[in-house]
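Chemist: Sequence:
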Amino acid sequence: MANYINPFTDIGFKRIFGQELSKPLLIDFLNNLLIGEKRIVNLKFLDKELPPVFVDDRSLIYDIYCELDDDEKIIVEMQNCEQSYFKRRSIYYVSEAIARQGEKGPKWQYDIKGVYLIAFLNFRRPDIGEEFRTDVMLMNKKSKEIFSDKLRLVYLQLPLFEKGVDECENDFDRWIYVLKNMETIKRLPWAAQNSVFQKLAEIADVSSLTKEERLYYDVALRKYRDTLCVLESAEQRGLKKGREEGLAKGLAKGRAEGRLEIARNMKADGMSIELIQKYSGLSPEEIAQL
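Numbering (our numbering), first residue to last: 1 to 290.
Cut-off 30 Å, straight-line C-alpha distance, at most; resulting in silico cross-link-like pairs (DSS-like, lysine-lysine):
| no. | residue 1 | residue 2 |
| --- | --- | --- |
| 1 | K113 | K150 |
| 2 | K107 | K44 |
| 3 | K14 | K186 |
| 4 | K211 | K14 |
| 5 | K211 | K180 |
| 6 | K180 | K23 |
| 7 | K186 | K199 |
| 8 | K186 | K211 |
| 9 | K87 | K150 |
| 10 | K38 | K23 |
| 11 | K87 | K38 |
| 12 | K38 | K141 |
Here are the in silico distance ranges between beta carbons for each label pair:
| no. | residue 1 | residue 2 | range |
| --- | --- | --- | --- |
| 13 | G281 | E202 | 27 to 37 Å |
| 14 | K23 | R187 | 18 to 28 Å |
| 15 | E130 | S283 | 39 to 49 Å |
| 16 | R187 | N140 | 47 to 57 Å |
| 17 | R259 | S208 | 22 to 32 Å |
Just so you know, these hints were derived from the structure itself, not from any lab.
All C-beta atoms, glycine included, are put in the ideal place defined by N, C-alpha and C.
My request is simple: use the sequences and hints to build the entire structure.
Modeler: Right under this line is the structure:
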């Protein structure tokens, strides 16, 4: 078993970046990502205010939605599976967050705040670029000057980050190295010299999970690995259409089986119906039939 949680799973991604306890980690990562541009002192999570838009693939997309002290919004997203419409979807996603700022009445004069999308891609997208990091803003085509900073897209294609531990030049490099290799490293590098990475090591330690979190994590990890296996097999066969259809069916079946497995294990351990509902998403009637 790995020492550290896999950040490409839902629970792993949210544990590292999406809870109050880990807020300093997210702030540090964003400050290193935007170094020289912004200095974030504090933020608040707005996950509950961001309704799911893409229901069919929520097992593949993990979002964190937060607001800065200057009212700008940042969406941090992890996506494990390639989509033919991903670039268009990400533009729509940011545009929707901008449009939600609209207020009725004469006092609001289109005082929109900037929205950032930070997208971790666990795959390569040639239509985005051939570099690990691609930054997109609105630009004057002729002068090449920035037209507006209210819409910002940052794509991080993890397969294109190839630096080793000794090649990382700054804390942003170190963050990416750790996230990409967290499940395989035995000891988190730089934890002894940097308090942020020390905190990351504590939060991401698999042994720190509660019994309930461990049940949920084990199911999420199997789902993540199954997804990768499905994709790899489909690519080897070269059946793009079959891959899309098979993946959709396999994920739907996996989600249903995963919820049942979580509930069955928790019920066997004598946990309350309320707690089982929270972690499995099943109704009391469905839990009673297990």
